[in-house]
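Q: Here is how the chains run, residue by residue.
2 protein chains.
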Amino acid sequence: MAVRRAGAKAGLSRERVFDAALDYLDEHGLPALSMRKLGAALGVEAMTLYHYVPNKDALLDGLVDRVMEIAFAGLDEPDPGSGPWVPWMRQFAHSLRGALLAHPGVLPLAATRPVNSPEALRMSERWLAGMRAAGVPLGRAMDVVNVIATFTIGHTLAEAGETPGHEGTEPNLDERADEIDPAEFPNLTEILTTRAGLDFDHRFTEAVDILLAGYAALP
Amino acid sequence: MAVRRAGAKAGLSRERVFDAALDYLDEHGLPALSMRKLGAALGVEAMTLYHYVPNKDALLDGLVDRVMEIAFAGLDEPDPGSGPWVPWMRQFAHSLRGALLAHPGVLPLAATRPVNSPEALRMSERWLAGMRAAGVPLGRAMDVVNVIATFTIGHTLAEAGETPGHEGTEPNLDERADEIDPAEFPNLTEILTTRAGLDFDHRFTEAVDILLAGYAALP
DNA sequence: TAGCCTGACTTACGTCGTAAGAATCGTCAA
DNA sequence: TTGACGATTCTTACGACGTAAGTCAGGCTA
Numbered sequence: 001m002a003v004r005r006a007g008a009k010a011g012l013s014r015e016r017v018f019d020a021a022l023d024y025l026d027e028h029g030l031p032a033l034s035m036r037k038l039g040a041a042l043g044v045e046a047m048t049l050y051h052y053v054p055n056k057d058a059l060l061d062g063l064v065d066r067v068m069e070i071a072f073a074g075l076d077e078p079d080p081g082s083g084p085w086v087p088w089m090r091q092f093a094h095s096l097r098g099a100l101l102a103h104p105g106v107l108p109l110a111a112t113r114p115v116n117s118p119e120a121l122r123m124s125e126r127w128l129a130g131m132r133a134a135g136v137p138l139g140r141a142m143d144v145v146n147v148i149a150t151f152t153i154g155h156t157l158a159e160a161g162e163t164p165g166h167e168g169t170e171p172n173l174d175e176r177a178d179e180i181d182p183a184e185f186p187n188l189t190e191i192l193t194t195r196a197g198l199d200f201d202h203r204f205t206e207a208v209d210i211l212l213a214g215y216a217a218l219p
Numbered sequence: 220m221a222v223r224r225a226g227a228k229a230g231l232s233r234e235r236v237f238d239a240a241l242d243y244l245d246e247h248g249l250p251a252l253s254m255r256k257l258g259a260a261l262g263v264e265a266m267t268l269y270h271y272v273p274n275k276d277a278l279l280d281g282l283v284d285r286v287m288e289i290a291f292a293g294l295d296e297p298d299p300g301s302g303p304w305v306p307w308m309r310q311f312a313h314s315l316r317g318a319l320l321a322h323p324g325v326l327p328l329a330a331t332r333p334v335n336s337p338e339a340l341r342m343s344e345r346w347l348a349g350m351r352a353a354g355v356p357l358g359r360a361m362d363v364v365n366v367i368a369t370f371t372i373g374h375t376l377a378e379a380g381e382t383p384g385h386e387g388t389e390p391n392l393d394e395r396a397d398e399i400d401p402a403e404f405p406n407l408t409e410i411l412t413t414r415a416g417l418d419f420d421h422r423f424t425e426a427v428d429i430l431l432a433g434y435a436a437l438p
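Just so you know, the protein sequences line up as chains B and X, in that order. Every letter in the first sequence is one number past the one before it in the numbering used here, and letter 173, counting from 1, is 173. Quick note, the numbering used here runs 219 ahead of the 1-based positions in the second sequence.
No wet-lab data here; the hints were simulated from the structure. Glycine included, C-beta positions come from ideal geometry on N, C-alpha and C. You may find that some hints are simply not true.
Below, computed lysine-lysine pairings styled on DSSO-like, alpha-carbon distance capped at 30 Å [what the hints assert, rightly or not]: (1) Lys37(B) <-> Lys256(X); (2) Lys256(X) <-> Lys275(X); (3) Lys37(B) <-> Lys275(X); (4) Lys37(B) <-> Lys56(B); (5) Lys275(X) <-> Lys56(B); (6) Lys256(X) <-> Lys56(B).
Just so you have them, the derived chain B footprint on chain X, three or more residues with Cβ under 8 Å [claimed, not checked]: (7) 235-245; (8) 308-321; (9) 329-340; (10) 351-364; (11) 399-407.
Kindly produce the complete structure, drawing on both the sequences and the hints.
A: Structure representation (structure tokens):
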């Protein structure tokens, strides 16, 4: 590729590199994302990318931050004055899940890397202030934020199952349904036929509500 | 290495390969684990390992199953006859967290790969039967098992933070404490000084109890 | 016009997973 | 005792990876 001669502009920017990386990830999956292929997708040699990103890890970190911003984008501003905090946190949980499911390729990254982008810090500070104003002790407010975040990531990881590009490894429950002996596993078999307990939407919604109600009811 | 000539036994076995892989992972971290290095640790060329494992992915899947077995090992047998199911699930949550923290290198693997080892299926079936006998609807029993498992994985991922070998990427909250402006982030600053809301043990225990109590209280 | 900066390319090194096949061993039948 | 055989290990090789180091052209500023 890239008949362009050295010095000829390709119109690149840090922004465009991250955009292309996220697109590539969504389409081909994490294992397929390499600096060479990403460069090719941008019509550029791999090393050119190192003008916009110090290394691949930083690129991946940036992708996580980007998806987090997407998750935050649609959220109501928590009003620190007063008001119920439970709806904010519920909205956060569902928005985060939606953003992660829309970009499942970054899920393993979001799970492994601490996210402390300025955006995330600002949002946390806002929630803490709001919950505190509503009478929640600071430590418990921090617990709520982290429990909601970690549960959402954990649950969405399981939901997304094998991310695209990850095929070929261990099959999920449905894929090995025929290997499950109904005599030895009557309950699992019943689940696979009735689909009871396999509704991710319902499971997530219910668990988040239980958590929030539980924290709200603490003395 | 390996002055051994072809055919000279190295005393290898599938078992020993997995043992060595888990040891290597615990000591050097996931990114450092390569077939060549694992071979070297066993005094053997890389390709020799392919006699015991079809490919690297299968090796990693096996490591996840292995840690799961460790998590299951100390559990009480759920008695399907009757009795309270909440203690079983609480014990499962804490045992799983303990096993994952003891082998943080497999955490990213456990998070990404569906676990359906015979051991895990047997355990699930046991729990489902027990909860059902205690009057929990099958679908809800499945929800409880999965919610506890996914929350534990999500929370432990955050707790383990960057696994060994993963250093050098985004810093966690503590590591960038000095970058946090107390004026802009008063609550986060207070958390960093008082450590309120940073006790993982307490946070995990409380959240698990809230979840279990919440499910137990459902009509 | 001279020079430098920017953004792109080229080359190269060491590492990775693994395909294909050769070499050597222990074992057992003839 | 010999021969063959399966199990185990090593050798070689290929293509892809991340990235260090250096090169080169075009545009901006002096």
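Q: Determine for every hint whether it applies to the structure shown.
A: Here is how each hint holds up against the structure:
Of the pairs offered as hints, the one joining lysine 37(B) and lysine 256(X) holds, with about 27 Å between alpha carbons and a cut-off of 30 Å not exceeded. A distance of roughly 12 Å separates the Cα atoms of lysine 256(X) and lysine 275(X); the hinted pair therefore holds under the 30 Å criterion. Distance check on the hinted pair: lysine 37(B) and lysine 275(X) sit about 23 Å apart at the alpha-carbon level, within 30 Å; holds. Straight-line distance between C-alpha atoms of lysine 37(B) and lysine 56(B) comes to about 12 Å, which keeps the hinted pair within the 30 Å bound.
Between the alpha carbons of lysine 275(X) and lysine 56(B) the distance comes to roughly 22 Å, so the proposed pair stays at or under 30 Å and holds. Between lysine 256(X) and lysine 56(B) the CA atoms are separated by roughly 23 Å; this keeps the pair inside 30 Å, and the hint holds. For the segment 235-245 of chain X, the stated coverage by chain B is violated: 0 residues have a C-beta nearer than 8 Å to a C-beta of that chain, whereas at least 3 were required. Closer than 8 Å: that is the beta-carbon criterion, and the segment 308-321 of chain X has 0 residues meeting it against chain B, so the requirement of 3 is violated.
Figure legend: the segment 329-340 of chain X, annotated as covered by chain B; annotation consistent (7 residues with Cβ-Cβ distances under 8 Å, at least 3 required). Coverage of the segment 351-364 of chain X by chain B holds [criterion: at least 3 residues with CB-CB distance below 8 Å; count 8]. Requiring three or more residues with a Cβ within less than 8 Å of a Cβ of chain B, the coverage given for the segment 399-407 of chain X holds, as 6 such residues are present.
Going through the hint list in order, the structure does not satisfy hints 7, 8.
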